[in-house]
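Model the full structure from these sequences, guided by the hints.
Residues per chain are reported as follows:
There are 2 protein chains.
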Amino acid sequence: MRVYLAGPEVFLPNALAVLEEKVRICRAHKLQGVPPIDGSQPAPSPTREGALAISRNNEELMRGCDLVIANMTPFRGPSMDVGTAFEMGFMRALGRTVLGYSNVDDGLLERTVALCQGARSPTGWTDPLGMTIEDFGLGDNLMVDGAVLTSKSEVIRQTTDDAARFIDLTAFARCVEEAARLVDTGTIRGRHSIR
Amino acid sequence: MRVYLAGPEVFLPNALAVLEEKVRICRAHKLQGVPPIDGSQPAPSPTREGALAISRNNEELMRGCDLVIANMTPFRGPSMDVGTAFEMGFMRALGRTVLGYSNVDDGLLERTVALCQGARSPTGWTDPLGMTIEDFGLGDNLMVDGAVLTSKSEVIRQTTDDAARFIDLTAFARCVEEAARLVDTGTIRGRHSIR
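Here the protein sequences come in this chain order: G and U.
Using my numbering, you'd call the opening residue of the first sequence number 257 and step up by one each time.
Using my numbering, you'd call the opening residue of the second sequence number 257 and step up by one each time.
Among the hints, a few may not be true.
[Unchecked claim] Below, a list of computed lysine to aspartate or glutamate pairs in the DMTMM-like style, where the Cα atoms sit at most 25 angstroms apart: (1) 408(U) - 315(U); (2) 408(G) - 305(U); (3) 286(U) - 440(U); (4) 408(G) - 316(U).
[Said to hold, decoys possible] Label-pair distances were calculated between CB atoms; the ranges are: (5) 378(G) - 301(U): 39 to 49 angstroms; (6) 270(U) - 269(G): 18 to 28 angstroms; (7) 419(G) - 272(U): 39 to 49 angstroms; (8) 320(G) - 419(U): 43 to 53 angstroms; (9) 301(G) - 384(U): 18 to 28 angstroms; (10) 312(G) - 269(U): 31 to 41 angstroms; (11) 270(G) - 420(U): 35 to 45 angstroms; (12) 370(G) - 445(U): 42 to 52 angstroms.
Hint data in this document are derived by calculation from the structure and do not stem from the laboratory.
Please read all numbers here as calculations on a predicted model, not as lab measurements.
Quick reminder that beta carbons are idealized off the backbone N, C-alpha and C, glycines included.
Structural data, given as structure tokens:
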């Protein structure tokens, strides 16, 4: 089983080391981790052509994977990295299993109220523009969390030290165990389609 | 041609009116706008089951659409709404055309540097955690912008008044014109697959 390793850790200065460790954890559970970057690619040119080459490479890698484990840790705001959210949608549309974890345990509502001056209104929680803050008891937007729930799993959330937020792999490892369990029970059966 | 209308305007207090106006603009260009909500659904229960019902409904709506026009305006941080990013990935994986617009013209780099205390380092722009800030001259993360470029289009960006950021439909209307042009030239030919 090939597992696409989606997450904003590609932006870390030690991205390759963190991704290698993710691959190692997968291997310990008889899963093949597929990182978006592995050091074999040339440094991208800082142009839209460079960006497009990475985008196309990641899409091809995803098409060749049976499931995705997404790092849904809030990134530069109350919600997760949008590139990773895109990849969850991509894999979901292909009918592949979508698993996810976050190194912040607070729910979306709590985080958004805190970071975006949310307030209680007669119709629910809203931000200063009057826009609703989702209140479904989930960790993030209902489309991304919904993909994990539809995959018969749960987003694994636990809070780490701030400094370790994008490095700590404890929740990731729990997610890999969950993937191995879903493979063992036949819930994940390769590149089949879930509707 | 059926156009899925993705964007965070679903969170506006006047969401239905804004979405109706989007549908009207589509109709003026002989396109059928498909909003995620249209007032016919019951109010969702504030539970994960309520969230999951919306998630499943949106996924089914997307499967029945030929293209998506995504509102990529930065939402509660330097990047776009993650639910909309998920939907762009979903449509991209199905091979449908992905178009997008933003009511903020600044690029991702400028916005992230401003909002997240970015600084120039020897390896490029980084945030306070040392994580790279993408510098490809794009409006947002390379996966979301890449999907639009691969669809042979451009993200249409223009800055509106702050108060009109999630209401102004000028850039959306330009995006609909672009969709109509791509249909006329045969670039969009219905639910075919782009790789």
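Results of checking the hints against the structure:
1. Of the pairs offered as hints, the one joining residue 408(U) and residue 315(U) holds, with about 24 angstroms between alpha carbons and a cut-off of 25 angstroms not exceeded.
2. Proposed proximity of residue 408(G) and residue 305(U) is supported: the alpha carbons are some 13 angstroms apart, at most 25 angstroms.
3. Restraint check for residue 286(U) and residue 440(U): satisfied, since their Cα atoms lie roughly 11 angstroms apart, inside the 25 angstroms limit.
4. Among the hinted pairs, residue 408(G) with residue 316(U) is consistent with the structure: their alpha-carbon atoms are about 18 angstroms apart, no more than 25 angstroms.
5. Between residue 378(G) and residue 301(U) the CB atoms are about 18 angstroms apart, so this pair departs from the stated range of 39 to 49 angstroms.
6. Roughly 44 angstroms separates the CB atoms of residue 270(U) and residue 269(G), a value that falls outside the hinted 18 to 28 angstroms.
7. Against the hinted window of 39 to 49 angstroms, the Cβ-Cβ separation of residue 419(G) and residue 272(U) comes to about 44 angstroms, which satisfies the hint.
8. For residue 320(G) and residue 419(U), the Cβ-Cβ distance of about 46 angstroms falls inside the hinted range of 43 to 53 angstroms, so the restraint holds.
9. Checked against the given bound of 18 to 28 angstroms, the beta carbons of residue 301(G) and residue 384(U), roughly 26 angstroms apart, stay inside it.
10. Hint check: residue 312(G) to residue 269(U), Cβ distance near 40 angstroms, so the stated range 31 to 41 angstroms holds.
11. Distance hint for residue 270(G) and residue 420(U): a CB-CB separation of about 42 angstroms, consistent with the stated range 35 to 45 angstroms.
12. Restraint check, residue 370(G) to residue 445(U): a C-beta distance of roughly 47 angstroms satisfies the suggested window 42 to 52 angstroms.
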